[in-house]
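Engineer: Read top to bottom, the protein sequences are chains A and B.
The opening residue of the first sequence carries number 575 in this note's numbering; numbering runs sequentially from there.
The opening residue of the second sequence carries number 1319 in this note's numbering; numbering runs sequentially from there.
Hints may contain errors.
[As the list claims (entries may be wrong)] The calculated DSBU-like cross-link candidates involving lysine-lysine, where the alpha carbons are at most 35 Å apart (straight line), are:
(1) B:Lys1331 - A:Lys616
(2) A:Lys685 - A:Lys623
(3) A:Lys643 - A:Lys623
(4) A:Lys642 - A:Lys616
(5) B:Lys1331 - A:Lys685
(6) A:Lys642 - A:Lys685
Simulated from the structure, these hints should not be mistaken for laboratory data.
Since the structure is predicted, the reported quantities are computational estimates derived from the model, not experimental observations.
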Amino acid sequence: AQSVTQLDSHVSVSEGTPVLLRCNYSSSYSPSLFWYVQHPNKGLQLLLKYTSAATLVKGINGFEAEFKKSETSFHLTKPSAHMSDAAEYFCVVSSPGGGNKLTFGTGTQLKVEL
Amino acid sequence: ETGVTQSPTHLIKTRGQQVTLRCSSQSGHNTVSWYQQALGQGPQFIFQYYREEENGRGNFPPRFSGLQFPNYSSELNVNALELDDSALYLCASSPNRGTSGTDTQYFGPGTRLTVL
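With these hints in hand, go ahead and build the complete structure from the sequences.
Structural biologist: Here is the structure:
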């Protein structure tokens, strides 16, 4: 069984300040973890993924995430928020033998204010 | 390279009717997965097709069915529509069926289904 918990349903930051979106996972196997972003009326876009290589993963648009097995966490960060970052973010887990089935968290809505 | 496309973009149906949603996978991808995203929720896995065979199914009733064609495009069919079927239906393609769980899935823009 696999699951993810996104600890904040809404996060609000000022433009130029750091972003932290929190995610904890549960998996019976060595998981692969992903962050996807969904802008209004758009499909899901992959930001980054972890697949058991380096624990610090860099993604697009300045985002990165760190896999911490001891804490079962995969938090998403960005040093400086931009207005265009405002969107819904999903933490996602996939496990070996699961047919590449993705299990999504409930999402975190990021708001960026001037 | 063409990404994942879905049709139609929006659809309105009444309770009890049947609906067919369509998806064209990204070039070179042989695996298609379907997800249902209810308002304010994360997407939920419906099923996956690999080379025209169902390759996994989520917790959805049999009235949700699918097909994959030789060109790897896919259809999602829903019979006896219920009000709770109102959602955004997302299709995703990947280059392999992903037994390792590491493959990236590339999503289309979705079909917004409203059941009245």
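Engineer: State for each hint whether it applies.
Structural biologist: Taking the hints in turn, this is what the structure says about them:
In summary, the hint linking Lys1331 (chain B) to Lys616 (chain A) is supported, as the alpha carbons are separated by about 22 Å, within the 35 Å threshold. Between Lys685 (chain A) and Lys623 (chain A) the alpha-carbon distance is near 23 Å, which keeps this suggested pair within the 35 Å criterion. Restraint check for Lys643 (chain A) and Lys623 (chain A): satisfied, since their Cα atoms lie roughly 15 Å apart, inside the 35 Å limit. Between Lys642 (chain A) and Lys616 (chain A) the CA atoms are separated by roughly 30 Å; this keeps the pair inside 35 Å, and the hint holds.
At roughly 33 Å between alpha-carbon atoms, Lys1331 (chain B) and Lys685 (chain A) fall within 35 Å of each other, so this suggested pair holds. The suggested pairing of Lys642 (chain A) with Lys685 (chain A) holds, with an alpha-carbon distance near 26 Å, which does not exceed 35 Å.
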